[in-house]
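Protein chains: 4
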Amino acid sequence: MARRKIGIWIIGAKGGVAATVTVGLVALKKGLAPNHGLVTQLPQFAGLDLASFGDFTIGGHEIREVSLYDEVVQLVRVSKAIDAELVAKCKPDLDKIDKNIKPGTLWNVGNKIEQLATDDLRKLKAKETPRAAIDRVQADIQEFQTKNKLDQVVVVNLSSTEPPVDEATVPAKWKDLAKTLDKKTCPLAASSLYAIAALELGIPFVNFTPSLGSAPAAIQELAIERDTCHMGHDGKTGETLMKSVLAPMFAARNLPVMSWVGHNIFGNLDGKVLDDPENKKTKVRSKDRLLHQILGYSPQTLVSIEYIESLGDWKTAWDHIHFQGFLGLPMVLTFQWQGADSLLAAPLVIDLVRLTERAHRNGDRGLLTFLASFFKSPIGVPNHNFVEQFQMLQSWAEKVEAKK
Amino acid sequence: MARRKIGIWIIGAKGGVAATVTVGLVALKKGLAPNHGLVTQLPQFAGLDLASFGDFTIGGHEIREVSLYDEVVQLVRVSKAIDAELVAKCKPDLDKIDKNIKPGTLWNVGNKIEQLATDDLRKLKAKETPRAAIDRVQADIQEFQTKNKLDQVVVVNLSSTEPPVDEATVPAKWKDLAKTLDKKTCPLAASSLYAIAALELGIPFVNFTPSLGSAPAAIQELAIERDTCHMGHDGKTGETLMKSVLAPMFAARNLPVMSWVGHNIFGNLDGKVLDDPENKKTKVRSKDRLLHQILGYSPQTLVSIEYIESLGDWKTAWDHIHFQGFLGLPMVLTFQWQGADSLLAAPLVIDLVRLTERAHRNGDRGLLTFLASFFKSPIGVPNHNFVEQFQMLQSWAEKVEAKK
Amino acid sequence: MARRKIGIWIIGAKGGVAATVTVGLVALKKGLAPNHGLVTQLPQFAGLDLASFGDFTIGGHEIREVSLYDEVVQLVRVSKAIDAELVAKCKPDLDKIDKNIKPGTLWNVGNKIEQLATDDLRKLKAKETPRAAIDRVQADIQEFQTKNKLDQVVVVNLSSTEPPVDEATVPAKWKDLAKTLDKKTCPLAASSLYAIAALELGIPFVNFTPSLGSAPAAIQELAIERDTCHMGHDGKTGETLMKSVLAPMFAARNLPVMSWVGHNIFGNLDGKVLDDPENKKTKVRSKDRLLHQILGYSPQTLVSIEYIESLGDWKTAWDHIHFQGFLGLPMVLTFQWQGADSLLAAPLVIDLVRLTERAHRNGDRGLLTFLASFFKSPIGVPNHNFVEQFQMLQSWAEKVEAKK
Amino acid sequence: MARRKIGIWIIGAKGGVAATVTVGLVALKKGLAPNHGLVTQLPQFAGLDLASFGDFTIGGHEIREVSLYDEVVQLVRVSKAIDAELVAKCKPDLDKIDKNIKPGTLWNVGNKIEQLATDDLRKLKAKETPRAAIDRVQADIQEFQTKNKLDQVVVVNLSSTEPPVDEATVPAKWKDLAKTLDKKTCPLAASSLYAIAALELGIPFVNFTPSLGSAPAAIQELAIERDTCHMGHDGKTGETLMKSVLAPMFAARNLPVMSWVGHNIFGNLDGKVLDDPENKKTKVRSKDRLLHQILGYSPQTLVSIEYIESLGDWKTAWDHIHFQGFLGLPMVLTFQWQGADSLLAAPLVIDLVRLTERAHRNGDRGLLTFLASFFKSPIGVPNHNFVEQFQMLQSWAEKVEAKK
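Protein chains in written order, with the numbering used here: chain A, 6 to 409; chain B, 6 to 409; chain C, 6 to 409; chain D, 6 to 409.
Chain A extracted, bound-state conformation:
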């Protein structure tokens, strides 16, 4: 049987995570890199008939005037996170992929992100309605699909975090929300426009960022209507992953957490954008909410995310957990997590694309809740216990495999 060709259409296609996904996929195709960090390469998913690394073609949207190669070189030089020799071998492929990347939209992305964009995009933003932006995005995706003879496309949002959208202002029905798209008062931000663009075309959408994306009920309705699937949001890569693993331990041992302090420092573009208090709000909310769900009560919490330039892509988190033991005795657990943010995120993005494509092929529609373990705030899933979330993924895989 001929292999199916799969397109990955990335929003924020030249950011650190996207660049790592891209160089990573090229390296995996060429057999230059190990499988580490890819959940879908675990033995329990071997029988799923997932797309191979060689089946993927990459394209996407970007708002800045940079080259994919330059972005990767940052990760080599500043962060010492990717091997110089590896990148040298992948450069021709990166330059080719660069040509698949089109200008995105700045709708409600906030000042901090707008400042990073090209002048052309800023001018376009003043003129274009959300609907027009969606149409343009759809045309780009369709051209990508046709030109590359792709059997399927999956859209993934990896762009910088937007300021929070007031969800109360978003109409609950798709037909009402659709009407706002022609107006300058449309409450959505870019991430949701991309979601609509994909889902209207019946293309699956994955939101790896804390931005709103496909979360509104009206957009979830659209996904069902167009017979496609989606999931989000906010990839769970480091400190929050730790929380979703450690908090169940404190809960199961009946050790009340009095306070949980988490300080995050890092120096990549994401960090710069989060340096803006507006954008940071969206993120902190996403990192914090799971403790209450897992513990069943709300300890005092503090989450800080600060931009420290020298760290580059190295996200360092220090967490201080103050808990009460037997007879009320206070005890302390602290941890220090030192991981390169983009290299923690990239394999999860590849996993999500493979699993979403497989789910779509399997006929899954609407929210893909079995992907909860990948997200800080999995839409529609109240359970934040990581091991139990992972069991959901394994169960799904068993069912799909049984069906084959």
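By construction, these hints were calculated from the structure, which means they are not laboratory data. It cannot be assumed that every hint is accurate.
[Unchecked claim] Where chain C lies over chain D, by a calculated footprint (3+ residues, C-beta under 8 angstroms):
no.	stretch
1	41 to 49
2	81 to 95
3	246 to 254
4	327 to 335
5	347 to 356
[To be verified] Label pairs and their in silico Cβ distance ranges:
no.	chain 1	residue 1	chain 2	residue 2	range
6	B	Lys-286	A	Ala-89	42 to 50 angstroms
7	C	Glu-90	B	Asp-124	29 to 37 angstroms
8	A	Arg-9	B	Ala-177	53 to 61 angstroms
9	D	Lys-101	B	Lys-286	46 to 54 angstroms
10	A	Gly-301	C	Glu-119	34 to 42 angstroms
11	B	Thr-174	D	Lys-184	55 to 63 angstroms
12	D	Lys-34	C	Asn-367	55 to 63 angstroms
13	D	Lys-409	A	Glu-90	46 to 54 angstroms
[Said to hold, decoys possible] Cβ-to-Cβ under 7 angstroms is the rule here; a few derived chain C residues that face chain A:
no.	residue
14	Met-263
15	Val-266
16	His-268
17	Glu-311
18	Ile-313
Backbone N, C-alpha and C define an ideal beta-carbon position, used for all residues, glycine too.
Position chains B, C and D relative to chain A; hints supplied.
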């Protein structure tokens, strides 16, 4: 319905953990302390009809000439781990319980532990056969039961870690093992003699230490034969608990662990005994074996346990986990755990007694594998994933409750 | 020779540090506590003829309606930082000292602190001019001196951190500043009024807080004019002490510091007051400025101080120092400091009183720069290298001793 | 004035530190690397007229059959500590320097090191007397000097740590020690033979390792006799540097240290050699002795050094310092140091060569005690306070400069 009276017969009844169990139960009975750290007080176990704190009477064996109160005062003064005012209120009860404590046996406990014992016990050791020691222990337990009009007794081993026993020398059948009990060449150590003493009487036995206890097949056979139950071994309180929670995360995320270093420092009596390389061997083995099972491969590991007098009961662990991310990039997680060892262990001991008594009442026989989450090396359970072990406990509870 | 009687007049006399100073001095007098943490008890200062613990009498100002004993009990119960038995033995002395404590002034202390004060004091603030407040304070001090037949008084400011004063608005000459004291527009805050009150009476003044105190040139002029001495500001107890010790290492080894991040969490009253951004500004400035001086350049720095209630007096600091090694390689030092804030500060306060009294007796006038090692921002001393600052103290002691 | 040509003769010339010194000097000459980590590049030493990077020629002894380039590639690939592009540019120079490196001697270096050596050297060891080995080494050095027309040579020992030598067996007079050199019973190990070889030729000798080197009184006598200078031992790069900076803080603040635990893990060749308990003894002794000197008493200490392969050159140290504050309250400081060992050591080696050559030119003879700040166990210097040691270096520089 009249409450059932339950006896807890503790081996090592004046050690730090036993002293904390004792003062803790007195305080809980009097309503002087919160429920923190007690797994059995979680809502999901509320319907199990477990024994109440007021139902328990404590007795046991000890090899040193100390008083329970003095042991508790150590935890107050040196470790600042228990409140002075609380202890003052519990003193009369402690003094009373002190009288329930009888001299134990030194059979094969190693030099380090023998040095701590009374002269009388050392002399007795030279004369007594294992069988005679067992008979003596059984007489003590039966006297305790009769005198206190107890409906049920549970025996718990909390004594210091013995040097490893060569398991190959222990006969596989109970009838063969029973014969060795009359000989000076009997390969068992004290922990197994206590196990035999309890199980022969049909009394449940819980081994909270890394010593061999009831693990040999022949002793497991005895438990079935006498229609009773048991479980072990080595309470999972701190660093190993963390391992059983963190290692599944690395496994599920396909992040290969290259090395896992764990340094433990503490200054209580347990630490002093473990300072002897022979006794330490038993412990280190128990702390280390779970990584291979969870990860499916064997990273380089290092576990050190060192006696640092100034720390008293405060077990401080520093773990350094070196793992590989996407594209082979090395990343680091370190954690620092600062908990008072006896106060982490004590509530688990109370939990184990309550659950074991309930299981016995329920008719469970042989190994109580559903207790796996409480142990570093749960006998008969290959799964070391803490959350999955905890699910075993919850399932058992649901089944028992359904049966009521 | 008869011992001289020395009074310690504490501003903020019922705060955590003051309470610890008080209970500590009582315990030292009674021989109930070791000398730990007292610099003046080191052998190199043994020949200085410093005042003995028994020579001191304590009084002071406070703005809240609390008792000294209750404050100490907080440190016993919540923070487990002081021994319950010790406090029980000191209670009668504490109750007696309580009576020496008078209401202070709220002049420009900011909303956060005002909210803690008694209604009477808030009303008084509306009526009283700074001059009137100073007069009242002076009367209180003089009454204390007379009543207790004291040979000498030293005033120490231990009150909560005030919002920053714009130093540009403070007249540079004492005669000009003195005129503003009759006006509601007087730019000074309470800490400077206390300084003026003391110095006008020829009484030495020590400012242990980051507030302005005696720092303005005009007040320094007053000290010289009244033939007395003073020093400040901001006691160097934990994280900043570490900085003044570690930064010289990076400087001497030519290892450029790229970024220095310091996160501080704690839960005492000081922490609550610093939770107000206005008051925090004064503190952060003081913690941060020394790096530039020691290193000779300005790395990116971040200092956070957050109120985490469960920690009580336990100030926990996590510092992350990112530095460049040979060939530009980035390396990392992190440290974690866990100390009880009041118990780190209290012995330094006693040291400062003993040394200031001795300096005054020696005829030292104006700024006591030899005390630099005790302060985060030593007035008039540009050198922040801790060891070199300590050498200044030792040299002074040698000179004073030689003179005897 | 024509520049003087200086030779650096390195013992252990292809080890990690030596390879970093070599690639570093090549890079500095070519202007490819910053000055970071070089103490001698600080402004206070600018007027000393030190040798320039371009003045140095490198040669030395090695016992293994490896190439300098391959050793550097390890640091690039495994440890990601040196830049691949930088090494590519330096390769021709490294290959040239490789030819200056001659086989060393295995006299009393212990089994662990012997196993790393070439067969030829092992055979030679069986035949050669210490005297013959010294003669051979001297011939090598002299050939190097002549061939490269060097004005001065400095010998530096960077070889792996030898097992401890029983110093009591080493004669105190040079004339007695000299006699043992002809015998198989000569108590010295290789490091001392190299020292004798250099000093007999009037060439300065620096011992950067914990091995004995030039420490024996008889060898110190030889240095004076031949009118030359020397210093050692054991470069102070990481954890011990931290101790010599932090311990003075605890001493000056009268905060008694109860225990100081230091765990070191790393995975380079040095680590492998130290994995042998014999060799480790020498090292641990050197890391531990300074605490007593600085503090004036001996807290419980623990120093572990363990070989963790995955870490490569990254030495990670975790130190736990348990100290007593006011009223006897226990407090905790922990730190985590993550530095590449070879890159911390290499610039200090270059500093020592520059300063030793300058001291020799200045007429300094015997022990160069002003270099104390560079060493864990500075011969002849009881003061381990880092800042005070650094002041010794600055004073020397001022005197030398004044003399010019």
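Quick rundown of the hints versus the structure:
1. Beta-carbon proximity to chain C at under 8 angstroms applies to 6 residues in the stretch 41 to 49 of chain D; the threshold of 3 is reached and the given coverage holds.
2. Closer than 8 angstroms: that is the beta-carbon criterion, and the stretch 81 to 95 of chain D has 4 residues meeting it against chain C, so the requirement of 3 holds.
3. Check on the stretch 246 to 254 of chain D: 6 of its residues sit with their Cβ under 8 angstroms from a Cβ of chain C, so the three-residue criterion for coverage holds.
4. For the stretch 327 to 335 of chain D, the assignment as covered by chain C holds, since 6 residues bring a beta-carbon within under 8 angstroms of that chain's beta-carbons and 3 suffice.
5. Using a Cβ-Cβ cut-off of 8 angstroms, 4 residues of the stretch 347 to 356 of chain D lie near chain C, which meets the minimum of three, so the contact claim holds.
6. As the Cβ distance of Lys-286(B) to Ala-89(A) is approximately 46 angstroms, the hint placing it in 42 to 50 angstroms holds.
7. In this structure, Glu-90(C) and Asp-124(B) meet the distance hint of 29 to 37 angstroms, their C-beta atoms being roughly 34 angstroms apart.
8. Between Arg-9(A) and Ala-177(B) the C-beta distance comes to about 57 angstroms, which sits within the given range of 53 to 61 angstroms.
9. About 53 angstroms separates the C-beta atoms of Lys-101(D) and Lys-286(B), a value consistent with the hinted range of 46 to 54 angstroms.
10. In this structure the hint that Gly-301(A) and Glu-119(C) lie 34 to 42 angstroms apart at CB holds, the actual value being about 38 angstroms.
11. Distance hint for Thr-174(B) and Lys-184(D): a CB-CB separation of about 58 angstroms, consistent with the stated range 55 to 63 angstroms.
12. Look at Lys-34(D) against Asn-367(C): about 57 angstroms separates their beta carbons, and that is inside 55 to 63 angstroms.
13. Our hint of 46 to 54 angstroms for Lys-409(D) and Glu-90(A) holds, since their Cβ atoms are close to 49 angstroms apart.
14. With a least beta-carbon distance of about 4 angstroms to chain A, the hint placing Met-263(C) at the interface is held under the 7 angstroms criterion.
15. Taking 7 angstroms as the C-beta contact cut-off toward chain A, the hint placing Val-266(C) at the interface holds, the least distance being around 6 angstroms.
16. Below 7 angstroms, beta-carbon pairs count as interface contacts, and His-268(C) has one with chain A at about 5 angstroms; its hint therefore holds.
17. With 7 angstroms as the threshold, the beta carbon of Glu-311(C) comes within range of chain A, its nearest partner Cβ sitting at about 6 angstroms, so the hint holds.
18. With a cut of 7 angstroms, the hint placing Ile-313(C) at the interface with chain A holds, because the nearest CB-to-CB distance is about 5 angstroms.
This entry satisfies every hint, going by the numbered hints stated previously.
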